[in-house]
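With the hints as your guide, set chain F with the ligands onto chain P.
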Amino acid sequence: MKDQTKSKTGASVNRLEGALKVMGKAKYSSEFAIDNLAFAQGIQSTISAGKITSIDTSLAEKQEGVIKIITHENALKLKGYGGRFEEPDTKSISPSLQTPDVHYYGEYIGVVVAETFEQARYAANLVKVTYAKSEPKFIFDEHLDELYMPKEINDKAKTNTQWGDVEKGLKDAYKTIDVTYNTPVEHHHPMELHNIIATWEGDKVIAYASTQIVAHAVKTIADTFEIPEDNVRVITPYVGGGFGSKLQLREHGTLGIMASKMIGRPVQLTVTRHEMFTAVGFRQHNRQHMRLGADKEGNLTALSHETSAATSTYEEFQEPCGAISQTLYNTPNSLVTHKLMKLNLPSPRWMRAPGEAPGSFALESAMDELAYKLQMDPAEFRIKNDTQHDLSVDKPFSSRQFVECIRIGAEKFDWKNKWKPTPGHTKKENWLVGYGMSGSSRQSPYMESSALIKLKLDNDKVQVTVQTDATDIGTGSYTIIGQTISEYLDIPLEQISVELGDSKFPKTPGSGGSWGAASYTNGVKVACDNAISTLKTLASTSEDLSVIELMKKADLTEFEAKGTAGPTEEFENYSVYSFGANFCEVWVDEYSGMVRLEHFVNVGSAGKILNPKTAYGQIIGGITWGVGQALTEHSQVEPNHGNFITRSFADYHVPVNLDLGKIDVIFLPEDDYIANPMGVKGIGELGITSIAAAIANAVFNATGKRVRDLPITPEKIMKTKIEVA
Amino acid sequence: MRPFEFYSAQSASQAVVQHTKNKETHYLGGGTNLLDLMKEDVKRPEHLIEVADLPYKDIKSTSEGGLALGAMMSNTHTANNTEVKNKYPLLSMAILAAATEQIRNMATNGGNLLQRTRCPYYFETSMPCNKREPGTGCGALDGENSKHAIFGWSESCVATHPSDMSVALAALNATVVVQSENGESRRIPFTEFHRLPEDRPEKDTTLSDSELITSIELPKSEFPTHYYYLKVRERSSYAFALVSAAVGLQLDGKTIRKAGLALGKVAHKPWKLEKVEQFLIGKEATKEVFEQAAELALQDAKPLKHNAYKIELAKKTLVRALLQATSRS
Ligand SMILES: Cc1cc2nc3c(=O)[nH]c(=O)nc-3n(C[C@H](O)[C@H](O)[C@H](O)COP(=O)(O)OP(=O)(O)OC[C@H]3O[C@@H](n4cnc5c(N)ncnc54)[C@H](O)[C@@H]3O)c2cc1C
Ligand code: SF4
Chain P
1 MKDQTKSKTG
11 ASVNRLEGAL
21 KVMGKAKYSS
31 EFAIDNLAFA
41 QGIQSTISAG
51 KITSIDTSLA
61 EKQEGVIKII
71 THENALKLKG
81 YGGRFEEPDT
91 KSISPSLQTP
101 DVHYYGEYIG
111 VVVAETFEQA
121 RYAANLVKVT
131 YAKSEPKFIF
141 DEHLDELYMP
151 KEINDKAKTN
161 TQWGDVEKGL
171 KDAYKTIDVT
181 YNTPVEHHHP
191 MELHNIIATW
201 EGDKVIAYAS
211 TQIVAHAVKT
221 IADTFEIPED
231 NVRVITPYVG
241 GGFGSKLQLR
251 EHGTLGIMAS
261 KMIGRPVQLT
271 VTRHEMFTAV
281 GFRQHNRQHM
291 RLGADKEGNL
301 TALSHETSAA
311 TSTYEEFQEP
321 CGAISQTLYN
331 TPNSLVTHKL
341 MKLNLPSPRW
351 MRAPGEAPGS
361 FALESAMDEL
371 AYKLQMDPAE
381 FRIKNDTQHD
391 LSVDKPFSSR
401 QFVECIRIGA
411 EKFDWKNKWK
421 PTPGHTKKEN
431 WLVGYGMSGS
441 SRQSPYMESS
451 ALIKLKLDND
461 KVQVTVQTDA
471 TDIGTGSYTI
481 IGQTISEYLD
491 IPLEQISVEL
501 GDSKFPKTPG
511 SGGSWGAASY
521 TNGVKVACDN
531 AISTLKTLAS
541 TSEDLSVIEL
551 MKKADLTEFE
561 AKGTAGPTEE
571 FENYSVYSFG
581 ANFCEVWVDE
591 YSGMVRLEHF
601 VNVGSAGKIL
611 NPKTAYGQII
621 GGITWGVGQA
631 LTEHSQVEPN
641 HGNFITRSFA
651 DYHVPVNLDL
661 GKIDVIFLPE
671 DDYIANPMGV
681 KGIGELGITS
691 IAAAIANAVF
701 NATGKRVRDL
711 PITPEKIMKT
721 KIEVA
Chain F
1 MRPFEFYSAQ
11 SASQAVVQHT
21 KNKETHYLGG
31 GTNLLDLMKE
41 DVKRPEHLIE
51 VADLPYKDIK
61 STSEGGLALG
71 AMMSNTHTAN
81 NTEVKNKYPL
91 LSMAILAAAT
101 EQIRNMATNG
111 GNLLQRTRCP
121 YYFETSMPCN
131 KREPGTGCGA
141 LDGENSKHAI
151 FGWSESCVAT
161 HPSDMSVALA
171 ALNATVVVQS
181 ENGESRRIPF
191 TEFHRLPEDR
201 PEKDTTLSDS
211 ELITSIELPK
221 SEFPTHYYYL
231 KVRERSSYAF
241 ALVSAAVGLQ
251 LDGKTIRKAG
261 LALGKVAHKP
271 WKLEKVEQFL
281 IGKEATKEVF
291 EQAAELALQD
301 AKPLKHNAYK
311 IELAKKTLVR
321 ALLQATSRS
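Each protein sequence line maps, in turn, to chains P and F.
Under the UniProt record's numbering, the first sequence is numbered contiguously, ending at residue 725.
Under the UniProt record's numbering, the second sequence is numbered contiguously, ending at residue 329.
None of these hints come from the bench; they were simulated from the model.
All C-beta atoms in this analysis are idealised placements derived from N, C-alpha and C, irrespective of residue type, glycine included.
Treat the hints loosely; a few may be bogus.
[Unchecked claim] Calculated lysine-lysine pairs in the DSS-like style (CA-CA distance at most 27 Å, straight line):
(1) F:K39 <-> P:K128
(2) P:K171 <-> P:K296
(3) F:K305 <-> P:K721
(4) F:K305 <-> P:K719
(5) P:K21 <-> P:K418
[Said to hold, decoys possible] Anything over 12 Å on all C-beta distances counts as not near chain F; from chain P, calculated:
(6) R121
(7) E142
(8) K296
(9) D490
Isolated chain P (complex conformation):
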C-alpha cells in the first residue's frame, strides 16, 4: 500500500479549491450564468413601526427595463406566521410582503424586478410609500420595565438555571464583584453578499443561494411556498463566509423566489452591503449583570450571570450569554438568567459563537476583576477553579484540557515574567503597556451526517468522487473531506474529487455552530468503511487489500457506497466541549486612547486537528473577530428614527491588518473518541470566544481603566476613570 501521510487527516494540506478561487473559477451563487435572468432590488421601509397606507409605483413602472413591482398589494400569498410573535422552532418559514405592517426601519416592503441590476435599483428609488406611523420603541434603556423571561432561548436552552444559593455564596465571600457589561449590536458582514438566483420549472424551483445549511434552505422554501421538499433544489458550491447570517434563507430568498414565480423568469436578488444591516440578522445588544464571590484562597463561592437583551416585535431570539458561566468554572452556587424586551428593530439572530462571544466577555472580564480584588494572578485564579465535571448537567466532560491550555499559553507568552498586578506598570514613551489573559470554552456539537462515495477504476487507478450537501463557507470543508477519504480509502488526494453544496446529495447538518467538520468527516468515514466492507464481501475476501485490488477481485469497474454517522448513546452521557486560553499584550496611547494589539497567544484543545493550515486560519479569523468585538465593531441605532446609522464599511469598522499584531496559535494534542469516532471537535467558534475579554483585561492592566461597554474606543478610554483597588 502507498503511504498517504501527506494527504491524510492531520496534514497541512493546501485547500483543494484554492487555485480555483485565485483564478476566479470557483462559482459563488451569484455567478451562475442563467439565460434570461432578471434582477430584483428590494424596497425598504423608512419608518420603524406602523402601516403602509399607500404605495405609488407609477413613476417607477414607467422606467426602462422595469418588469414588475411587487408589494404586499400584489404579492403571492405565502404560508404566514399565525400570530406574528413566534417561538423559535417555527422559523423555518420566511414570509415577506404579506401584510402592510412595518416592524422595523429597513424592512423589505417591496421588490422591483428589471432587466438589469442598475435599472431595478434606480426604479426602487422612485417608488413612493406613505405610512401611518405608530409609536416605535427602539431605545433599550427606555423599556427596561418591559423585560420578560422567554419560555426558552436559542436551541431550546433553559432560560434560567441555578444551583446552590448565590445570595448566600456572595454573602459568605471574602471578596465580591457586582458589575454590568454591555456588548453592542454587531453585524456579521461576510465578504460575499447574501444572494439568490431562483428559477422555476412548473412547480419545481432551483435556488442558487448563498447558505450555510442546504437542507434547511430546502425546508424553508418548501414550507414557505407550500410545496414538497422534493420540488426544491438548492445549490451552493462555495459560500464566501456566513458567520451565522446564512444559517437560514430569510426574506431576501423568499423575495427572489416569489419574483421569479410571478414573472415566469429566473431572477437574481443580491442583498446590498447597506441592506445587510437590516435584512440578515445581527448580534443583539446584551447587558450582562455579573456578581461573583470568592473566598480568601481564591475559590469561587458564587457566580451569577444575568442577561437582559432585546428581540424584535415579531420573532423571539436570545443568544445564551450565560451558557459559558454554567460550565467553565467550579462554583458551589450558580445563577444564570436571560430576559428579553421587544423592540422595533430587525430580529437578532445567530452570530459566530452566539452566547459565548458576548457571554465570555462578561465572564472572563469579571473573573479578571475578581482576581484583581483578590490580588491573585488571574491565570492561577482560573486554574484554581477548574472543574472536570459539567455541574450544569451533572455529566463528566469527554475531555477537558483547560488547565493545560492556560499553563502552556502562559509559558509560551512568558506570563510569569511579564504580567504584574498593578496597572500602569510599564510605559514605553507615550505607550502604556498591559497584559491580559482569559480562558475559553465552546460546546462541540456532533450531528447526523451522510455522504455518498463513487469509485471508478480507470487504468489501474481508482478515481473517487464524494458527494454530500455539506457547505464550504471558507473554512476548508472540501479539503478536510478529501483528506478523510484519502485516509480511510488510502488513495492520494489527486484522485479524489469532492462535490458539495447541492441538495441532491446526501444530507448533512451544514456549517454552523462548530458542528460542521466533526459531523461531515465522520459521515464520510462511515461511507469509506462501508465501501471497504461491502467490497470485501463482493470480493469474497477478509484480507486487508487495497481498494483497487478489492475492485479487481470483485470484478467491478464502478462502485458506490453511502454512509451515515451520528451521535451515540455514549456521546449523550458526556459534555463535549473544546477549551482554550488566550494571552495578549496591548499598548495604549496615553494621549489618544488608541489601542494597539502587540502580541496574541491562543492555545486550543479541540480534539484531532484535521488540517493545521485551515485550522490556524479559523483561529486567526476568530481572533480577528474578537479584536473587532473588543476595539472597533459597533452598530449604532439612530435615537430618533430607529435605523442603523452605521451603514457601510466606512462606518462599521472591522479590524484591519494593522490592528492585529503578532498572533501565535497552538493546538494541544487531544484524543477524544467520545466526541466522535474520528475525535474531531469544533474550532470555528472557540476562536472568537473570550478574545475580547483578554484584550479588555490587558487594557485594564495597561491603564487601570475598566471599559465595560464594548468596543473600547478612544472616546471610551478618554471617558473612563482609573479604578483604584
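Just chain F with the ligands, lined up with the frame of chain P:
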C-alpha cells in the same frame, strides 16, 4: 443610479463652459466620493464632466519658491513626489493617513478638497439633512452627533469636513487656484476656501457653481524638519479621523520661530489655529507650553450632546503632535 450624460472635457475652459450650460452638472475627478454618493442616490447629477484627465497632473515650481500641485494629480503621486516629501513632508504624511492605497490612486487633489461630509444623515436619503436637502432640518443636531463639530457649527448643520489632506494644507497656508466662469483664474487662500455652515450648509466652499480647481499652491517650504500629522481614529488605518492635528514648527534650538497648525474633523472646515500659531512664536518647545497652546486652541469649542469628549481628545492630540514634531530631526 439615475441616468446621466457624460462628457469628457478636453480643456479647463471647455469644461467650465460646458458646466455652465446645465444646472445639475458635476465635475468628475477620480469619482471615489461622487460615484458613491450617486449610487446612494444622495447626488443626482444629470450631467457629468470628467476632468480627471485634464493636463493638471504635474508639480511645478512657483515664482515665490513654492510648489503648485496639479488638481488632477492623484493623491498617491502627490504624496510620493520627492519634492513634496522633502519640502512639505507634513502634506505627504496627511495624505498617506487617508483612506487606502487603492482609493488614493484614484483620488485627485481637487476632488479631495471637495469631498463631502461623512455625516450619516447626509448619506441616508430617508432622513432629514439640510446639507443634502435644504430645509429638511439637521438630523444630527438632536440625533447622534458623537463625531460631529465642536467649532463653528450652526443650528442648520453640525457636520465636519473629512479630508486629511486639507488639514495639512491649512497648516501650510496653501492657496487654491481655480478657473472661473469668465475664463480668468482666481486665487483663494486656503482658510477662505471651505466655509462654515451658517444657514447654507449645502455649500461647503466659496467656489461659485462652475469654478474648476486647477492647482493648489504651497508657499516656500517652511516646515521641512519639524512636522507631524496625528490622526486619531477607531482603527489603525482606513478610517476617518475622530480628530486630527497637522503641525509644522520652525525651531531655533528650543525656541519656536514659526508654527503652522490646524485641527481636523472638529468643524465644517479644516480648523486653522492662527491665534495659537502667534502664541507659540518665541516660546520654548516644551510640554507645558504645548499644553497651554492646546487650552488656547480649544477655548472656544462648543460641544454637542454626544461629542464633549472631542474637546479633551483634540487637546491631547495637539499636544502629542507638537511633541512629535519637536522631537523629529
Ligand atoms: C472608503 C473610503 C475611505 C476614505 N477615507 C478617507 C480618509 O480617511 N481621509 C480622507 O481625507 N479621505 C478619505 N476618503 C475620501 C477620498 O480622499 C476622497 O473620496 C477623494 O479624495 C476624492 O477625490 P476624487 O478625485 O475621487 O473626487 P470625486 O469623487 O471625483 O469628486 C468629489 C467632488 O469634487 C468635485 N470635483 C472633482 N474634481 C474637481 C475639480 N478639479 N474642480 C472642481 N470640482 C471638482 C466633484 O464634482 C465632486 O463633487 C475616503 C473615501 C472612501 C471611499
Ligand atoms: S450635520 Fe449637516 S450633514 Fe449632518 S444632518 Fe445635519 S445638516 Fe445634514
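Now for the hints, and whether the structure bears them out:
Distance restraint check for F:K39 and P:K128: the Cα-Cα separation of roughly 18 Å lies within the 27 Å cut-off, and the hinted pair is therefore satisfied. Distance restraint check for P:K171 and P:K296: the Cα-Cα separation of roughly 13 Å lies within the 27 Å cut-off, and the hinted pair is therefore satisfied. In summary, the hint linking F:K305 to P:K721 is supported, as the alpha carbons are separated by about 20 Å, within the 27 Å threshold. Taking the CA atoms of F:K305 and P:K719, the gap is near 14 Å; set against the 27 Å cutoff, the hint holds.
For the proposed pair P:K21 and P:K418, the alpha carbon gap of about 42 Å is over 27 Å, so the pair is violated. Under the 12 Å C-beta cut-off, the non-interface status given to P:R121 relative to chain F is violated; the minimum distance is some 7 Å. Under the 12 Å C-beta cut-off, the non-interface status given to P:E142 relative to chain F holds; the minimum distance is some 16 Å. The Cβ of P:K296 lies farther than 12 Å from every Cβ of chain F, with a closest approach of about 40 Å, so its non-interface assignment holds.
The beta carbon of P:D490 sits about 47 Å from the closest Cβ of chain F, which is more than 12 Å, so the claim that it is off the interface holds.
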